[in-house]
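Below, each chain spelled out in residue letters.
There are 4 protein chains.
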Amino acid sequence: MNTFGQLLRVTTFGESHGPAIGCVVDGCPPGIALAPEDFAHDLARRASGKSRHTSARHEADAVEILSGVYQGRSTGTPIALLVRNVDARSKDYARIAEQFRPGHADYTYWHKYGIRDPRGGGRSSARETTMRVAAAVIAKKWLAQRHGVRVRGHLAQIGEVLPRGHDWDAVEANPFFWPDAAQVPELENYMDALRKSGDSVGARVAVVADGVPPGWGEPVYGKLDAEIAAAMMSINAVKGVEIGAGFASVVQRGSAHRDQATPEGFLSNHAGGILGGISSGQQVVVSVAFKPTSSLRLPARGVDVHGAAVEVVTTGRHDPCVGLRAVPICEAMLALVLMDQALRHRAQCGDVGAVAPRLPPQA
Amino acid sequence: MNTFGQLLRVTTFGESHGPAIGCVVDGCPPGIALAPEDFAHDLARRASGKSRHTSARHEADAVEILSGVYQGRSTGTPIALLVRNVDARSKDYARIAEQFRPGHADYTYWHKYGIRDPRGGGRSSARETTMRVAAAVIAKKWLAQRHGVRVRGHLAQIGEVLPRGHDWDAVEANPFFWPDAAQVPELENYMDALRKSGDSVGARVAVVADGVPPGWGEPVYGKLDAEIAAAMMSINAVKGVEIGAGFASVVQRGSAHRDQATPEGFLSNHAGGILGGISSGQQVVVSVAFKPTSSLRLPARGVDVHGAAVEVVTTGRHDPCVGLRAVPICEAMLALVLMDQALRHRAQCGDVGAVAPRLPPQA
Amino acid sequence: MNTFGQLLRVTTFGESHGPAIGCVVDGCPPGIALAPEDFAHDLARRASGKSRHTSARHEADAVEILSGVYQGRSTGTPIALLVRNVDARSKDYARIAEQFRPGHADYTYWHKYGIRDPRGGGRSSARETTMRVAAAVIAKKWLAQRHGVRVRGHLAQIGEVLPRGHDWDAVEANPFFWPDAAQVPELENYMDALRKSGDSVGARVAVVADGVPPGWGEPVYGKLDAEIAAAMMSINAVKGVEIGAGFASVVQRGSAHRDQATPEGFLSNHAGGILGGISSGQQVVVSVAFKPTSSLRLPARGVDVHGAAVEVVTTGRHDPCVGLRAVPICEAMLALVLMDQALRHRAQCGDVGAVAPRLPPQA
Amino acid sequence: MNTFGQLLRVTTFGESHGPAIGCVVDGCPPGIALAPEDFAHDLARRASGKSRHTSARHEADAVEILSGVYQGRSTGTPIALLVRNVDARSKDYARIAEQFRPGHADYTYWHKYGIRDPRGGGRSSARETTMRVAAAVIAKKWLAQRHGVRVRGHLAQIGEVLPRGHDWDAVEANPFFWPDAAQVPELENYMDALRKSGDSVGARVAVVADGVPPGWGEPVYGKLDAEIAAAMMSINAVKGVEIGAGFASVVQRGSAHRDQATPEGFLSNHAGGILGGISSGQQVVVSVAFKPTSSLRLPARGVDVHGAAVEVVTTGRHDPCVGLRAVPICEAMLALVLMDQALRHRAQCGDVGAVAPRLPPQA
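Chains as they are written, first to last, in full-length UniProt numbering: chain A, 1 to 363; chain F, 1 to 363; chain V, 1 to 363; chain G, 1 to 363.
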């Protein structure tokens, strides 16, 4: 199933080293201003080659709008976006086509489909997330213009390293999406050492949405938090998702966890902006765990398609920390979920008027 | 949206204190043996009143099969299950109908719908999960009989308390679904002290599936792990979901995380049995965080529907740890996801023959 | 698949002679006034036993509202409706369980599922349509109150007999839903003769919707006419569906078919109110063909489950013209499609303002 | 909604005069042999410019496979197909952009979306059907290879002209898809006279599927006939759909309509191969009504976006009978429905063994 969303439906296609990747965004409201250059910023943020700490592939990632836009505005018909794969190196895949790389989807695709495209990971490559970011450019625009919603994220952990300070302005000013500029030299050294060792490390990404009005989310199987969880877990290398206090709530007392409120606003936000699967008007807070890259030049024990033992060594470009590129992708998935839920809310409850005073997000 | 699943579609309905709750299970293969008494075991496991540590409501929870079964076997038509609410106490809801309880869905339902059923939490009550457990009885049967898959779970943490040992036999023999029988007296004391304090605490549940063949799961937006994440996060009070190593993978090195393999089997299972969104044939491993109950007799600051400050005190029966009843619910959601994915796999890849030697789950 | 609709989702369940039939209506906007007695009128219109020309089953068809309504108003949560089967005669089905009745779904259910409930046709019985009519009571109310849309129908042909006049007031005043009161005696005689002969005959139903605003319908695979076609063809015994001029347009010239327009309104309505899959603001016009009942006391050649030739004779109550009861069912399906499309339109285009003068339906 | 199908999901995009049209075929089983040249035959059959009786646009319609195929076989990942619009004439659309052409979707798109792409009809153009035909090439291959199912069609009426004979070999040998070669000169004259008159005429298309096994189709809202009806009605210019005897069944007696059976096979096929929404193993028989083209050089009365009366005259290329190109499109929709239903059947009932002797389609 390569379609995401119920009313804002994003269908992606394409393999890492095939001729192109692309997506079709269906259900988009008409009248949204849209131009090819709108996609450049977020695709550049996601693109590899941003720094020496991410892999060297030089993806042009120029987005062609194939449909759904007339005279610079969306028409309500499906918006197809296309990105040609211009840097898909041709090389001999014969050897790796027969091997199952540990930690990769090789073995599982093989058993599911009986066939797989081994070139650059084929469909299982994170290359696919390019189109999520592209599609979410539309969602971010609509959320901002129509509802004043802002989605943004930052890296919240690399291996053992945690941010000491928090400054949103710093995040976009360093290649690590790191919220404390003072730590950047430390991270540079950390990553250099890691690369030298031939190993990789995991990471944690934080994404938040401000300005979400109360009422978005559909109980009981289309809950806002449930769909965020699925969206994040569908990103390559993700192993965990938290909303608000997340796993920390296991050791909390109820008297501490429950977010009390006064007419001046909520007194805390352990819920992460979602109660009963519906947004509360507070900041939506999401945390995502990324596993370390499995493609390493350190040899590993594996098997081949015939069941024989092989030694697997990955050569070529690979990020020592996939999380470094993950912030825009997590933002994208959160924006897509929010816009889809906003449309669903409008469908069912579009004419519900003001029913009670709206609490400020924070007292 | 009150329907779960793509091909095995479970639609639930009902409010906590309405006349009945129920579900419709659509897409179920024909020929499965099914009788009303099949539901008793898991509903009893989920039911409150199991011990003095869970709330005192005495739910009969007798399941009536309304359709889809003929001469004791499923016919392929929708299976409707009905449970009457026999213990819905009538009392005066006028006061709480006007208050928003902190940590509850009162405020968000009100803002979404402009109306809410305040009796016992209405639709947002965990009462709804009864029907998940009932529907999953069918899924568990089918998975076991047709694929030899077994789904089970246990409590893995209560507040600060972690299991010291692990014994599946112990799990069903104590009211905490706790895997170490020796710790049960300690937990009894822990819960008694908690109840006396008027406070509550969070919990962590572990669920696993053994026997899942490689190949279940649909990339890229219907990934097995993504749908498990959504399923778990859709359960009341859940704030986090992990697959395999989960958040622990953030600090792992890639050389440690990636599960190497030999012809004798996988050498570890940090992936939790899922790679690229598709099952690998290893044990599927899921961990779920439950927040502490928000309904406490300790007063909290809140607001009412008019925006005025109120003091909220919850009287009546409430579990000091909602996680105590959550194990059968988490099992249910995992079983439903697996059966749905099994059917989807059969639809697309049903005629893919053996393509490579299948690795043993564990070397 | 027992769910109808995208945003207003109606899931029906139940067999003709099982304990109950019912439905779950999900996605309904909150705030709609709803009481059990609202269902009586349309269920009575659909019910058999209305006249001596329809079968003698006395269905009580009392609707119980199980969920989704609080203090007489919909809450936005799923509305479950239940009707107990009180007149399911117990008799010996052993013989017919082994036979495939010509013109019935016996043979096809058997081959699909390998099992079937033979009691009264099981799931394939028109008994299921009771719940469509019940669900559509909600849709009709919402369409009328919120958009001023009115859905109604009449019988437009019985065998060779066509209406001579057209009077909406007559339709509800005779057991044939016939638009010309003067023809009723003729139809009585026609049906009496038919019943005596042991044979049955087909019928044609016309359904229209007035007041539908321009803009409902989703190109290109959720077109309003396409979904109407599916909805009607999903009714038991339907073999054909037309929109507007329908099959008559095959012999029309384009200069005659295309509906010209002036500022005072459209000059004709061959399109049946739908252009490009989207409503035009004219009357939506649908025509539906019903085959003659296959259950006859005239013997027919058939086979049994062992492949042997058998003579099939149907005893017991059966309508000589299923079309006589079909008007409320066709109305129901049109109302459900319209409400679903209205919600979908609101989701995507809810904030599109007035863009051009709206033409009157008819000049 | 621009996606068709439940398990075989075809998402199309593109406007008539935009840069490209395309589709994404998701859910396709792996292992199907597929090459760009496979699409040439059916696209040529559909293409305009086939004869002087269809419009002069020279569409190259070269299909590029963007994804989902590796080494000539489908991999189970989404198959994206792209066709560039090479003959989209640039001209001044300013005038027609302000006019609503009678019989076209101009007015309805405008009112739905508040914006429309007027170039060549934009999204509402039959140009979109190119991608249905392309997608169905895959479905036809799979149906033939895996199940021996063959889908084909012919023109069954042009205006008042009906076929006198029936010869499948003749159908592909003339530009009218006409089953009686002897009538071709007559049709040539008919069309020439029509073109000279500046008018257009309707048509009827017959499509059949042979070899469909009993058991495909999902009661009660995913019935095979219901989905065929929706599929056909979603084609531009279609106003009616019949299965089997269709509207003729209105005047039939039940004793004549019901298809009796003997161990040697069914004795008739008024049902058109579908009973209770499920295939019976007989030939699936569908009839589709196409309205006459609305674009005529004969002037018509219309209005513009400001509500003023205008005289609408269409210049440029237009088919005097859209039905002439419709046969491959109807075939395509039938093939897509059948493959989708086949996959759905396999999912739910894939392990139902032989339960009864299968009747030959025809005695």
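Keep in mind that a hint or two might mislead.
As the list claims (entries may be wrong) - To spell it out: a stretch of chain G is covered by chain F in this simulated footprint if at least three of its residues, at any positions, have a beta carbon under 8 Å from a beta carbon of chain F; those stretches are: (1) 24 to 31; (2) 93 to 100; (3) 350 to 363.
Said to hold, decoys possible - Calculated lysine to aspartate or glutamate pairs in the DMTMM-like style (CA-CA distance at most 20 Å, straight line): (4) A:141 - V:351; (5) V:196 - V:160; (6) V:141 - A:172; (7) V:141 - V:42; (8) F:141 - G:351; (9) F:196 - F:160; (10) A:141 - A:180; (11) G:141 - F:351.
Just so you know, these hints were derived from the structure itself, not from any lab.
As the structure is a prediction and not an experimental result, all values here were calculated from the model.
Even glycine gets a Cβ: it sits at the ideal position worked out from N, Cα and C.
Hint check results:
no. : hint          : in the structure
1   : 24 to 31      : holds (count 5)
2   : 93 to 100     : violated (count 0)
3   : 350 to 363    : holds (count 3)
4   : A:141 - V:351 : 16 Å, holds
5   : V:196 - V:160 : 18 Å, holds
6   : V:141 - A:172 : 53 Å, violated
7   : V:141 - V:42  : 12 Å, holds
8   : F:141 - G:351 : 16 Å, holds
9   : F:196 - F:160 : 18 Å, holds
10  : A:141 - A:180 : 27 Å, violated
11  : G:141 - F:351 : 16 Å, holds
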